[in-house]
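Participant: One letter stands for each residue in the lines below.
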Amino acid sequence: MVRLPYLTALTTLFSYGLLFAFGQLRDFFRKIIDWSKSTSKGLEGYAPICLGLEDFYTRRLYLRIQDCFCRPIASAPDAWIDVVERYSNDNNKTLHRTSNTTKCLNLGSYNYLGFAAADEYCTPRVIESLKKYSSSTCSIRVDGGTTDLHNELEELVARFVGKPAAITFGMGYVTNSAIIPILIGKGGLIISDSLNHNSIVNGARGSGAAVRVFQHNNPSHLEEVLRELIAEGQPRTHRPWKKIIVIVEGIYSMEGELCQLPEIISVCKKYKAYTYLDEAHSIGAVGKTGRGVCELLGVDPADVDIMMGTFTKSFGSCGGYIAASKEIIRYLKYGCPAHLYATSMSPPAVQQVISAIKVILGEDGSSRGAQKLAHIRENSNFFRSELQKMGFEVLGDSDSPVMPIMLYNPAKIPAFSRECLKQNVAVVTVAFPATPLLLARARICISAAHSREDLIKGLEVISKVGDLVGIKYFPAEPPNHQGHDHKKLE
Amino acid sequence: MASAVMNMITAALDWVTVIFDAPLARAVVFGVHIDGHLVVEVLLVAVILFQLTRKSYKPPKKPLTEKEIDDLCEEWVPEPLHPPITEEMKAEPPILESAAGPHTVIDGKEVVNFASANYLGLLGNEKIADSCISSLEKYGVGSCGPRGFYGTIDVHLDCETRIAKFMGTPDSILYSYGISTIFSVIPAFCKKGDIIVVDEGVHWGVQNGLYLSRSTVVYFKHNDMASLESTLEKLTRENKRAEKIRRYIVVEAIYQNSGQIAPLNEIVRLKEKYRFRVILDESHSFGVLGNSGRGLAEYYGVPIEKIDIITAGMGNALATDGGFCTGSVRVVDHQRLSSSGYVFSASLPPYLASAAISAVNYLEDNPSVLTQLRSNIDLLWKGLSDIPGLAIASHPLSPIVYLKLKKSTGSSKSDLELLNVITDRVLKEDSVFIVSTKRSVLDKCRLPVGIRLFVSAGHSETDIHKVCDSLRRVAALVLV
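Respectively, the protein sequence lines represent chains C and U. Sequence positions in the first sequence follow this note's numbering and run 1 to 490. Sequence positions in the second sequence follow this note's numbering and run 1001 to 1480.
Chain C with its partners taken away, still in its complex shape (with noise of 0.2 angstroms):
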């Protein structure tokens, strides 16, 4: 939970009406500038693509940051990368890239068991899926699309998660927003935490049925809304609704906290609505053997009616799956659009996932899934204790490998990240829209390649840049703690 002081409260809403007023200013001149100047040819009688109020956030207030997002990078995201440099000759509205990098420590990928770059066991497979089916299907699935390497990923997933099957689609956004209309439709109703990734509102929105919001992470107000609902009906019929599903995360990404999982799934089990849960960012990343937040919280999967992930976060690959019961699998291969309509996903992605999940139970015959493991859990936590003695306000549950620091301020935005980038850490920053207003964030990955003397840099230069800036906004612990800390650490 974010405890925003009242102090840093007014100082944000001044810094952001004081760009808001200076913003509008120039619109201001520009429009009389414009008038003056004659109209371009051509677009006489046509409305403009973008109308002005519209993309104001664009232009006066996300262009003068620009360079602190899209970065490009000339390596692989590994936890070590090349950031390219980018200058700019109009004040940030366009930015051109040079050939000059600079290696810097990387705390912004999600690279969580260290598969980004090349791996010794996944990369020669991967190269010799390569070559004997080479970069793409060119088909969709139930065409020509289907190899014997997709249909052992999907039983190697479901062996993974517990499930008895298990459907994979290309692209992790597309499985949420192609799966949730076709399980559920008008006359259903879909209750989604508050802070839901865009894919699930989109997924939500496209199915036609009632959607409706519960407070974060929250199981008693969930228990409220489905009393509540159950009880009403459909808005205006008040027929009984034709089924529910309850749409949680496991780590929400922006605020790295794991869900109350065993309270909602009790809720659920009690109102008979269905459970769909969004594994994204907890697959592979937490749990004794990499199972996710169900082996963390020590809830048995069978109670979960819907299981969904991706692979680009901890197998370093792309794409995502669903995993259910045979029928609903059976069920989704036969009506889904996006197992119908879509690119089957491309074979060197399926191998590489299948070689990592093989190395993370251990089947390619060297512990080094058991060691990425343990090496993230220890990172993450050894990262965490570290930086809330330093004085910053890091949100997020213990085990989990992502954790925002709060910066609130707009200035305090870009001027985190270049100080960050001048002494070679790459952050990421994240403001309006992603995350509410006043409530702007650093947000850092923890990856199992990260070894103790990055992550110590990591916070010798965050602490750095966080006096600089401004940003510890609880009291620091006196340094005889921190000693006596670091000896229990070792």
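Think of the hints as simulated: they come from the structure by calculation, not from any bench. Beta carbons are placed, not taken as given, at the ideal position from N, Cα and C, and that holds for glycine. Hints are not guaranteed to be accurate.
Have a look at the derived ranges for each label pair, beta carbon to beta carbon [claimed, not checked]:
| hint | chain 1 | residue 1 | chain 2 | residue 2 | range |
| --- | --- | --- | --- | --- | --- |
| 1 | C | N92 | U | Y1219 | 42 to 50 angstroms |
| 2 | C | S194 | U | G1168 | 42 to 50 angstroms |
| 3 | U | G1193 | C | G23 | 21 to 29 angstroms |
| 4 | C | L438 | U | A1226 | 49 to 57 angstroms |
| 5 | U | K1058 | C | N92 | 52 to 60 angstroms |
| 6 | U | I1048 | C | P235 | 34 to 42 angstroms |
| 7 | U | P1367 | C | A411 | 49 to 57 angstroms |
| 8 | C | V211 | U | I1069 | 15 to 23 angstroms |
| 9 | C | R212 | U | D1365 | 18 to 26 angstroms |
| 10 | U | K1444 | C | G298 | 38 to 46 angstroms |
Dock chain U against the given chain C, drawing on the hints supplied.
Facilitator: Positioned in the frame of chain C, the structure of chain U alone reads:
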């Protein structure tokens, strides 16, 4: 009696008049002359204000008690998550055991493959495989992040510039999956209140994008320019406000549901007459139509600036995955922040982006592959012209050759069963792999079903003769 009552009434009225007029006759308060009627008016206003402050009368609403809510929750029975599984749901597609080139291996047997949209025969090309391998060794497989957070790798930017240079447009933007391109582009530009005129035969990706955009959608008859013109006329004539709202026409270059080609010159003429913008989906025509493979605009000789937004999936001619959208600088820049499939999703794996660059380079260096593809399509047309019971329903230049039943059985479902019998027998008995239309329950398209053949430049003459002979034999057995 009456006169006594009359007297009383008159006396009362006199008395009231005296009370009214006498004391306040010449009173002046704050410069306002006080007359008798002012008192009545002030009293009325006071009564109105008094009534307004009272709570309005509502019939008492009895909320449900906790016990009643408990009972309702107990009684409610949800539908199961999936409908009962029927026989047709259990059908499994054939499993390939090698690359999906012009010849592939199914169940240990080598078959001729007409089911992969490998139009230029680039699957298995040496140069592309080499660039993929070097990319895999340098960057690994996945890009581990969305474009905004260190997921932008230099090959993505190189690919975008290469495609823009090839098409002749200022800029382009890469998406990580073919089908997500169109259903992210449409909601980024069309919002509630806009008007979209769209062909009724578009595929599910376009339909989903239209639904998500919440705009007013008007369909016109499949590939019928007269219907399009009358729809545009009706919309602009009735609506005076049509000048201020954004208007779009969405068409596909080669429709994957029927194999027809959209007449772009007509569409551009209508667009300029009625002031609409065009969104063109070139998934199956990029790398196929035109003298150098630049798509529908080159084929019709229309300057590329006249088409506002072009999208394409790269999973067909370019033999990789992902998609791109190209257009003016304003169009492309707007998508970098407001297209949900671009901002909220991980970026394209780098090896697929380098495969795309190599494929475009190959296409530019060897335009003869297009003439090869065209001669294959012509040969196939000649061979399929006399199949009993099946007629060709697609455009002569389309690499998707669409065969539909000459005499439909009446329902799509039974047509599809018949066609599936044909395709199964052709695969089992003659080792030729062809496929029928696959439609989801969510698809709104009502075009007739048929058999699809995807022609590739890698097919040889023997392959084409084999498929024609096989179809002729099996169709004669099944349909007559």
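Participant: Each hint should be assessed against the structure and marked as holding or not.
Facilitator: Hint check:
no.: 1; hint: C/N92 with U/Y1219: 42 to 50 angstroms; verdict: 43 angstroms, holds
no.: 2; hint: C/S194 with U/G1168: 42 to 50 angstroms; verdict: 46 angstroms, holds
no.: 3; hint: U/G1193 with C/G23: 21 to 29 angstroms; verdict: 25 angstroms, holds
no.: 4; hint: C/L438 with U/A1226: 49 to 57 angstroms; verdict: 56 angstroms, holds
no.: 5; hint: U/K1058 with C/N92: 52 to 60 angstroms; verdict: 58 angstroms, holds
no.: 6; hint: U/I1048 with C/P235: 34 to 42 angstroms; verdict: 37 angstroms, holds
no.: 7; hint: U/P1367 with C/A411: 49 to 57 angstroms; verdict: 54 angstroms, holds
no.: 8; hint: C/V211 with U/I1069: 15 to 23 angstroms; verdict: 22 angstroms, holds
no.: 9; hint: C/R212 with U/D1365: 18 to 26 angstroms; verdict: 57 angstroms, violated
no.: 10; hint: U/K1444 with C/G298: 38 to 46 angstroms; verdict: 45 angstroms, holds
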